[in-house]
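Chemist: Sequence:
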Amino acid sequence: MNGREAAVAELERRIGHVFADRALLERALTHSSVGDGARKVSHNERLEFLGDRVLGLVAAERLVELDPGSPEGVLSQRLSALVNGKACARVARRIGLPDALRLSASATKVGGRDSDTVLGDACEALMAALYLEGGLELARAFFLDAWEAEFADPTPVRNKDPKTQLQEWAQARRLPIPKYDTVSRSGPDHAPIFTVEVTIEGFETESGQGRSRQEAEKAAALTMLNKREGQA
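Numbers 1 to 232, taken from the UniProt record's numbering, label the letters of the sequence shown in order.
There may be inaccurate statements among the hints.
[Said to hold, decoys possible] For lysine to any residue, the following SDA-like pairs were computed, each having C-alpha atoms within a straight-line distance of at most 25 Å:
#1 109 - 7
#2 163 - 219
#3 227 - 214
Quick caveat, the hints were computed from the structure, so don't treat them as lab data. Remember, predicted model here, so these are calculated numbers, not experimental data.
Throw the hints in and build the complete structure from the sequences for me.
Modeler: Have a look at this one:
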């Protein structure tokens, strides 16, 4: 058994499942750089697309189960923190995914094996492979075990500024990022008052004021968040 074969075996041990479909597992672990374009390689990009959706479902399901009283806005922010690329990369490292990956020599040389993007995508591809091999029950079992640390030590929402919270809220719904526009500036030069409007596609525009554009943007974002949570 060579080094990578040992790493794949260790990965399967950590996730608690030995794949019957070895080609499916190999595809999930193969980065698109393999072959460097010289030949057609079955890589993990399509699996990553599916895995992202499966991950969102099982994560949302668990959040609702654990916290049935939270409004939609809070749940959406927590969901974003659980399924974003950095969270998936942390999970990938915990289960030993880096050593099991197939990357080109050039991608490895530039640090691809430790890239949050590469690892996060591979983790989602692995989620899809588990789903295709054993259905939602197997994917859910993997999620509950592998994401346990993410639930145990979530990023506190209260420590994030309103603009970050609002962007995560929008991303959780696959909406465009919020757009901020300065609509007025009043008062003397030494003590100006800025008014800023924030817009998210499909929602009513909200506004906020502050002594700087940044303060006004945060105020507008907070108003938007409060309105959305109040409607949840």
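Chemist: It remains to establish, for every hint, whether it holds in the given structure.
Modeler: Right, here's what the structure says about each hint:
no., hint, verdict
1, 109 - 7, "holds, 19 Å"
2, 163 - 219, "holds, 9 Å"
3, 227 - 214, "holds, 20 Å"
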